[in-house]
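All chains should be built: construct the whole structure from the sequences, respecting the hints.
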Amino acid sequence: MKLNEQNRIILGTSFIIAGWIGHWASLPILFDAAMILATVIAIFPIAKTAISSLRYRIIGIDTLVSIAVIGALLIGETWEAAAVSYLYTLGHYLENRTLKKTRRAIASLLENVPKRVTILENGIQKDISADQLKIGDLLLVRSGERIAADGIIVEGSAMINESSITGESVPIVKNAKDNVFSSSLVDTGVITVEALHIGEDSTFGRIIALVEEAQDKKAKIQRSLELFAQYYTPGVILLTLIVYLITRDIRLALTLLVISCPGALVISAPVSIVAGIGNGAKNGILFKGGDVMEKLSSVKVIAFDKTGTLTTGELVIKQVLTHQMEENELLFFAASLENASEHPLAKAVISYTMKRDISLALAKQVEVLPGFGLKGNVNDRWVVIGSPRLFTDQQRLSFNEKIAELESEGLTVIAISIDNQIRGIVGIADQIRPSAKTVVEKLKNMGVLTVMLTGDHPLVAHAIAKQSGIDEVRSQCLPEDKVNYLNELKAQYGLTVMVGDGINDAPALANADFGIAMGSYTNHTAMESADVILSSSRLEKLPYAIELSKATTQNMKSNIVFALIVAFSLMIGVLTKHVFLSVGMLIHELSVLMVIINAIRLLQFKYKST
Amino acid sequence: MNTKYQLETLTCPSCAMKIKAALSKVAGVESVEVLFNASKVVISWKKEAESVIAMAEKTAEETLARIGFPIISKH
Numbered sequence: 001m002k003l004n005e006q007n008r009i010i011l012g013t014s015f016i017i018a019g020w021i022g023h024w025a026s027l028p029i030l031f032d033a034a035m036i037l038a039t040v041i042a043i044f045p046i047a048k049t050a051i052s053s054l055r056y057r058i059i060g061i062d063t064l065v066s067i068a069v070i071g072a073l074l075i076g077e078t079w080e081a082a083a084v085s086y087l088y089t090l091g092h093y094l095e096n097r098t099l100k101k102t103r104r105a106i107a108s109l110l111e112n113v114p115k116r117v118t119i120l121e122n123g124i125q126k127d128i129s130a131d132q133l134k135i136g137d138l139l140l141v142r143s144g145e146r147i148a149a150d151g152i153i154v155e156g157s158a159m160i161n162e163s164s165i166t167g168e169s170v171p172i173v174k175n176a177k178d179n180v181f182s183s184s185l186v187d188t189g190v191i192t193v194e195a196l197h198i199g200e201d202s203t204f205g206r207i208i209a210l211v212e213e214a215q216d217k218k219a220k221i222q223r224s225l226e227l228f229a230q231y232y233t234p235g236v237i238l239l240t241l242i243v244y245l246i247t248r249d250i251r252l253a254l255t256l257l258v259i260s261c262p263g264a265l266v267i268s269a270p271v272s273i274v275a276g277i278g279n280g281a282k283n284g285i286l287f288k289g290g291d292v293m294e295k296l297s298s299v300k301v302i303a304f305d306k307t308g309t310l311t312t313g314e315l316v317i318k319q320v321l322t323h324q325m326e327e328n329e330l331l332f333f334a335a336s337l338e339n340a341s342e343h344p345l346a347k348a349v350i351s352y353t354m355k356r357d358i359s360l361a362l363a364k365q366v367e368v369l370p371g372f373g374l375k376g377n378v379n380d381r382w383v384v385i386g387s388p389r390l391f392t393d394q395q396r397l398s399f400n401e402k403i404a405e406l407e408s409e410g411l412t413v414i415a416i417s418i419d420n421q422i423r424g425i426v427g428i429a430d431q432i433r434p435s436a437k438t439v440v441e442k443l444k445n446m447g448v449l450t451v452m453l454t455g456d457h458p459l460v461a462h463a464i465a466k467q468s469g470i471d472e473v474r475s476q477c478l479p480e481d482k483v484n485y486l487n488e489l490k491a492q493y494g495l496t497v498m499v500g501d502g503i504n505d506a507p508a509l510a511n512a513d514f515g516i517a518m519g520s521y522t523n524h525t526a527m528e529s530a531d532v533i534l535s536s537s538r539l540e541k542l543p544y545a546i547e548l549s550k551a552t553t554q555n556m557k558s559n560i561v562f563a564l565i566v567a568f569s570l571m572i573g574v575l576t577k578h579v580f581l582s583v584g585m586l587i588h589e590l591s592v593l594m595v596i597i598n599a600i601r602l603l604q605f606k607y608k609s610t
Numbered sequence: 611m612n613t614k615y616q617l618e619t620l621t622c623p624s625c626a627m628k629i630k631a632a633l634s635k636v637a638g639v640e641s642v643e644v645l646f647n648a649s650k651v652v653i654s655w656k657k658e659a660e661s662v663i664a665m666a667e668k669t670a671e672e673t674l675a676r677i678g679f680p681i682i683s684k685h
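First to last, the sequence lines map onto chains A and B. Sequential numbering of the first sequence, starting at 1, is according to our numbering. Sequential numbering of the second sequence, starting at 611, is according to our numbering.
No lab work stands behind these hints: they were computed from the structure. Among the hints, erroneous ones may be present.
Covered stretches of chain A (chain B as the covering partner; in silico rule of three or more C-beta atoms under 8 Å from a C-beta of chain B) [unchecked claim]:
1) 49-57
2) 88-96
3) 211-222
Straight-line Cα separation of at most 27 Å, DSSO-like style, residue types lysine-lysine; simulated pairs [as the list claims (entries may be wrong)]:
4) B:K614 x A:K217
5) A:K300 x A:K444
6) A:K48 x B:K657
7) A:K300 x B:K630
8) A:K217 x A:K490
9) A:K437 x B:K684
10) B:K684 x A:K101
11) A:K282 x B:K650
12) A:K48 x B:K630
Backbone N, C-alpha and C define an ideal beta-carbon position, used for all residues, glycine too.
Here is the structure:
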């Protein structure tokens, strides 16, 4: 039988029981012999690593435990020697098992990447290991399989679940020439995918790399702790020597050695962080480290970008008003001209018009009026589209009241003139996200000040702010204004977090001292510059991220306090001779287990949605 | 210049300190960072070690093996 840790524990347990039977049967020889055997079985591997460490002049817990156990044997305390070495081995075994649980959430992320893939080589299927996959390979992916690389569909179509990337678990239909992401699951269908980005270069590979890096990014509190632990052990060893020289009490000295490694303290913070980050990753929230969670837990202000963050970013036409012209005719002229523009407002007008089955004409002599609009020739008539401010008061006359009314409702208004006469206006709305109001309310309940930063018109900004319940609004911001406002808010209230979609607000996100990017696992810039990345555009993840950060920080703090109290009490207990070898070891191992078990609770953390 | 090793899962709280102490004594090592949760160790080398990097890495790898932390892969 090979003596692994588990077998050593079983054997040790048997010998200890045999020893006590001997004790009750008044057979002291059996007692001592059994205890010595139990000690030897348990201490052997510990002493072995202790000796190898000593060769590098490192004194670790194994060295100290070995000295204590051998010392106990020498003074005839066979039961103490057996108990200390047995408890150390048992503790180590249980710690390994529980620690694995804290890392389970992150480890399970890796299961989204297939280990083996099927590629097509000259039309012949070949099963290879995912490591051997090369750029340009053709992957065959069938129902129930995950895609192993970022790429493009060359053949076939399928319903694909991209929840590991986008956080949206509703499968979407993808056809030839569509992009697909590694780790996505093919729900139904068969596709052939040309691999374009593989391994760590793929979107999911980057997510994994980020999480892996994050789990060891230390919280501030952790650094001082490590420094403390670094001096604690040599300090206690020194104390042991002094105590022995003064008291000549070998039992006391040996007990001090057993408690000199603050195991619970050393892992108190890392176990909480790995569990917290793991919980986030499973729920589509990437935290870039323990320090990030620590910071987010004390957030004072959350500044939102408007378009695409508080709103869906999908512009919708709410109202069309005309003057001496049919609505469809007006839309024909407007959309034909807008077809020459890439502006989001233009896209809204075009899609609205196309839905009415109006076919467009080709606009000629198109000229862009920067910041205001467009002009051009459509079917030999001069069309101008743009902000109402583009036109004179007199031209606007019949619409002046209506324009003010629509703007006060929060609509962006554009006016359309044909042959120098305004024929109509269009009111366009950016729709607020359905969850915006409840999310803002939740944040307020947490005592967070909510602010909206937008480049939009004040009337539009205030309308959105009113609908969402946002506390403060800063409108007509240029990108540099956003950064300045963020600094002002920070100086006035404390930690300020910028939340954006990472597309419209990349500079603000990058310059803010704390940024959260939404729905951006596919956006490289946002992934790099933000501190927290939410996989989907669901705003509800924001309060969850804050609550999880708070829970993790709290968990870490309680672990540290607990570990410090245990270390301190043990020291007092030993010095006042209330704690002896085996009890010292028992308390030490129990405290390490308690700290790990406390951290595991974080994996079960769920946000109360009410 | 850095070398990163993936080790077998680190589980004992004190092993991080042990790895750090052992590797710090290898010739040419500037600093050592042990990533406990990821079970990785990152060695950054001194400038003068770069010319003999293969030898320096070999010593580091042997040290890790001898103190009981086998390497799974090198990055």
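ask   = A:K300 and B:K630: Cα distance at most 27 Å?
value = 38 Å, violated
key: Three-residue Cβ test at 8 Å for the coverage of the segment 49-57 of chain A by chain B   = holds (count 6)
inquiry  = Given the hinted pair B:K684 and A:K101, is their Cα-Cα distance within 27 Å?
reply    = 25 Å, holds
key: Given hint B:K684 paired with A:K437 - CA-CA distance at most 27 Å   = Violated, at roughly 49 Å.
message = Three residues or more, CB to CB closer than 8 Å: is that satisfied between the segment 88-96 of chain A and chain B?
response = holds (count 3)
message = Can you tell me if the segment 211-222 of chain A counts as covered by chain B, using C-beta to C-beta distances under 8 Å and a minimum of three residues?
response = holds (count 4)
ask   = Do the alpha carbons of B:K614 and A:K217 lie within 27 Å of each other, as the hint requires?
value = Roughly 16 Å separates the two Cα atoms, so the pair holds.
request  = Please work out if A:K48 and B:K630 have their alpha carbons no farther apart than 27 Å.
outcome  = Given pair A:K48, B:K630 holds - Cα atoms ~19 Å apart, limit 27 Å.
ask   = Holds or violated: are the alpha carbons of A:K282 and B:K650 at most 27 Å from each other?
value = 22 Å, holds
ask   = Does A:K48 pair with B:K657 here, judged by a C-alpha cut-off of 27 Å?
value = 35 Å, violated
inquiry  = Would the hint linking A:K300 and A:K444 be met if the CA-CA limit is 27 Å?
reply    = 10 Å, holds
ask   = Taken at face value, is the distance from the CA of A:K490 to the CA of A:K217 at most 27 Å?
value = The given pair, whose Cα atoms are some 24 Å apart, holds under the 27 Å limit.
Of the numbered hints stated above, those contradicted by the structure are hints 6, 7, 9, listed in ascending order.
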